[in-house]
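Peer 1: Residue-level listing of the chains:
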Amino acid sequence: MSKFIKLLLPAILAIATSLRAQETEDLLSLVEDEKEPKKEFVKSAFKSPRVINSHSMEFLSPGVMDFRILHRFGPVDQGLKTLFGLDQASMRLGFDFGLRRNLMAGFGRSTYKKELDGYIKYAPLMQSTGEGQFPFTLALVAGMTLNTLEWQDPSIENYFSSRLNYYFQAVIGRKFSESVTLQVIPTMVHKNLVPLHTQPNDLYSLGFGGRIKMSKRIAFTWDYFYRFNADTAGIYHNPLSIGCDIETGGHVFQLHFSNAIGMNEPAFITETTGSWGKGEVRFGFNLSRVFQLKKKKTA
Amino acid sequence: MKRFLIISVFLLTGFLGIAQDKYYTKAGNIQFDATAAKSPEKITGGNHASVCVLDTKTGALQFSVPMSGFEFEKALMQEHFNENYVETKLFPKAEFRGSITNHAAVQYSKDGTYKVRVKGNLVMHGVTKEVVTEGEILVKGGKILAKAGFTVTLLDYNIKIPTVVADKVGAQARIVVDCSLEPLVK
Chain A
1 MSKFIKLLLP AILAIATSLR AQETEDLLSL VEDEKEPKKE FVKSAFKSPR
51 VINSHSMEFL SPGVMDFRIL HRFGPVDQGL KTLFGLDQAS MRLGFDFGLR
101 RNLMAGFGRS TYKKELDGYI KYAPLMQSTG EGQFPFTLAL VAGMTLNTLE
151 WQDPSIENYF SSRLNYYFQA VIGRKFSESV TLQVIPTMVH KNLVPLHTQP
201 NDLYSLGFGG RIKMSKRIAF TWDYFYRFNA DTAGIYHNPL SIGCDIETGG
251 HVFQLHFSNA IGMNEPAFIT ETTGSWGKGE VRFGFNLSRV FQLKKKKTA
Chain B
1 MKRFLIISVF LLTGFLGIAQ DKYYTKAGNI QFDATAAKSP EKITGGNHAS
51 VCVLDTKTGA LQFSVPMSGF EFEKALMQEH FNENYVETKL FPKAEFRGSI
101 TNHAAVQYSK DGTYKVRVKG NLVMHGVTKE VVTEGEILVK GGKILAKAGF
151 TVTLLDYNIK IPTVVADKVG AQARIVVDCS LEPLVK
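Line order of the protein sequences matches chains A and B.
Per the numbering used here, the first sequence starts with residue 1, numbered consecutively.
Per the numbering used here, the second sequence starts with residue 1, numbered consecutively.
Chain A extracted, bound-state conformation (with noise of 0.2 Å):
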């Protein structure tokens, strides 16, 4: 029996010892849930609200305001008579709030027709990982602009109406990956009125955008809206954006050439007149600075 003893007990102490080590080892383990990981909503799937002149499917925080300064220079093929289309510029600035988690507003006036726009963005699903997760965005957007120009005609009587455009949006966006993220953007555009009989009230189109992150902190966006029942007199064309978001702490630059000049939804998917083809087109950037107006409690 002693023999048996003295060969079993350092063999039971030698298992005890190494369980009770792997136990200190994994302490974490015996609290750690089995479930799965809590619902956590994706976020910065683009670094500003806007991919460049759309809406993106990324909105502010709550208490979070976006001051917008963005600027569209005259065509690039004018060469160095304006500097490349530095000469002139067309601008607007906008004032963009956070309201909640999937819930935000804006407004903004533009120099191009001296025009007003203001919009309500919501969210019914967002796209999220861990319990409950749901694969991609949907974010609805609807707006209003109000042109502020003087009548063209006064003789004849005008009417306020006529100045009123409206655009409604969904934008199904999904981030795939910490680089890549993709949406697609149906849009109707109605207008109270329109210059030309060629011209449609109701223009209805497919908006496409996306931004490919090179680094933490740039990333190239693009976005290009396609016109299903474009003007049948052929004066506009599709805009097209592609440019560059650099983040600098505090500001996001948004550079970028496009061949639109319009810096809301009806004036740049409408009213592009530039040609990528002809090569009309113009640099231009946005520049994002947001303010914390709300303060979080942290500690």
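Check the hints yourself; a few may be wrong.
What the hints assert, rightly or not - Each computed BS3-like pair below joins lysine-lysine, with the alpha-carbon atoms no more than 30 Å apart:
no.: 1; chain 1: B; residue 1: 143; chain 2: B; residue 2: 110
no.: 2; chain 1: A; residue 1: 296; chain 2: B; residue 2: 147
no.: 3; chain 1: A; residue 1: 38; chain 2: B; residue 2: 89
no.: 4; chain 1: A; residue 1: 296; chain 2: B; residue 2: 110
no.: 5; chain 1: B; residue 1: 42; chain 2: A; residue 2: 213
no.: 6; chain 1: B; residue 1: 57; chain 2: B; residue 2: 93
no.: 7; chain 1: B; residue 1: 115; chain 2: B; residue 2: 89
no.: 8; chain 1: A; residue 1: 216; chain 2: B; residue 2: 57
no.: 9; chain 1: B; residue 1: 115; chain 2: A; residue 2: 296
no.: 10; chain 1: B; residue 1: 140; chain 2: B; residue 2: 57
In case anyone wonders, no lab produced these hints; they're calculated from the structure.
Computed from a prediction, not measured in an experiment: that's the story for all the values here.
Mind docking chain B on chain A? Use the hints.
Peer 2: Leaving out everything else, chain B in the frame of chain A:
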């Protein structure tokens, strides 16, 4: 034979005893402050969802901190923290595995405040580094309060602060841990 029985009983009770010796929380409080010396704004964040387990028998102490759980006053700070600095998607958790080195000095069954030294490995942003710090164990009415503070150099964990924000975000972060632990009943 007698000796064998005694040893067996001893080992068995040792096993059974282990579960009651552990204390834990899933709502541990961890604050950090990485404000640079002359920064106009405070760079601070707080986490209230850290997991901490203390084995009072061995003095082993472990933490698991979900990086996405850090909250900031400003949403942009939180975005930059997750996107640019700690890269939460790649490294979702920070972990500390170590022990109380002067374990024998703490009487967990008796109310009181005990100064402790803690040593272990902190894994953050994919980098493992040894951390040695002093803390405090407060035993009161069957609960244990564990407190500690230490400073980490961000570059040690491969977290680079670009020069444009270096006037706001410092090279080091002061981390304060404050966990209220309850007995782990399994």
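Peer 1: Would you mind marking each hint as holding or not holding in the structure?
Peer 2: To see whether the hints hold, each was checked on the structure:
For the hint linking residue 143 of chain B to residue 110 of chain B, the alpha-carbon distance of about 10 Å falls within 30 Å, and the restraint holds. For the given pair, residue 296 of chain A sits about 25 Å from residue 147 of chain B by alpha-carbon distance, which is consistent with the 30 Å threshold. For the hint pairing residue 38 of chain A with residue 89 of chain B, the CA-to-CA distance comes to about 15 Å; that is within 30 Å, so the pair holds. With a C-alpha separation of about 39 Å, the suggested pairing of residue 296 of chain A with residue 110 of chain B is violated against the 30 Å cut-off.
Between residue 42 of chain B and residue 213 of chain A the CA atoms are separated by roughly 29 Å; this keeps the pair inside 30 Å, and the hint holds. For the hint pairing residue 57 of chain B with residue 93 of chain B, the CA-to-CA distance comes to about 26 Å; that is within 30 Å, so the pair holds. For the proposed pair residue 115 of chain B and residue 89 of chain B, the alpha carbon gap of about 36 Å is over 30 Å, so the pair is violated. Pair hint residue 216 of chain A plus residue 57 of chain B does not hold up; C-alpha atoms about 45 Å apart against a cutoff of 30 Å.
A distance of roughly 34 Å separates the Cα atoms of residue 115 of chain B and residue 296 of chain A; the hinted pair therefore is violated under the 30 Å criterion. Annotation: proposed proximity of residue 140 of chain B to residue 57 of chain B holds, straight-line Cα distance about 18 Å (limit 30 Å).
Consistency with the previously given hints fails for numbers 4, 7, 8, 9, ordered from lowest to highest.
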